[in-house]
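Colleague: For the record, in the sequence shown the residue sitting at position 14 is 14 according to UniProt numbering, with numbers rising by one throughout.
Watch out, some of these pointers could steer you wrong.
Straight line, CA to CA, 30 Å or less: simulated DSS-like cross-link-like pairs of lysine-lysine [stated by the list, open to error]:
#	residue 1	residue 2
1	K3	K104
2	K3	K57
3	K37	K104
4	K83	K104
5	K83	K57
6	K104	K57
7	K83	K37
8	K57	K37
It is worth saying that the hints were derived from the structure and are not from the lab.
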Amino acid sequence: MLKVIGPLTDPTRHGGSAADAFHVVIPSMPGYGFSGKPTATGWGPARIARAWDVLMKRLGYHEYVSQGGDWGSVVSDVLAAQKPAGLLGIHVNMPATVPPEIAKILTDGGPAPAGMSTEERAAFDSLNALYTRGSGYSPRGWSRWTRRP
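Kindly produce the complete structure, drawing on both the sequences and the hints.
Modeller: The structure is reproduced here in structure tokens:
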């Protein structure tokens, strides 16, 4: 994503029009990147989304869009659900499309729901493998993601 900052903030330098330039604000997640460790618990996606909205308004932006990938996509999705005044839209490049009840089972490590078809069970087993072994971090730890490594 760092490669797009220049073309967005200085498009003439990259063959574009100056009229297409805009500001880019890139906040770090609390406890990650350039952010300090939170002094209180509860810094999940909903609280971070509210904080990002407050940040944009304190910086003087009355209208803005949110882009997120990885955890930023979760925060951007939650931000959209909160519908704060001034949020014009979101763009995510890691959309979560798992039904909430299935995501809860996968996150909590529960058994597959009863009554699944063969195809549904195969999809569930595939997602379960991804949630437990197939990614760089386990979604089962997401509920505790405010811990700083």
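Colleague: Each hint needs a verdict: does it hold in this structure or not?
Modeller: Hints versus structure:
| no. | hint | in the structure |
| --- | --- | --- |
| 1 | K3 with K104 | violated (35 Å) |
| 2 | K3 with K57 | holds (26 Å) |
| 3 | K37 with K104 | holds (27 Å) |
| 4 | K83 with K104 | holds (24 Å) |
| 5 | K83 with K57 | holds (14 Å) |
| 6 | K104 with K57 | violated (33 Å) |
| 7 | K83 with K37 | holds (27 Å) |
| 8 | K57 with K37 | holds (23 Å) |
Checked against the numbered hints above, the structure violates hints 1, 6; every other hint is satisfied.
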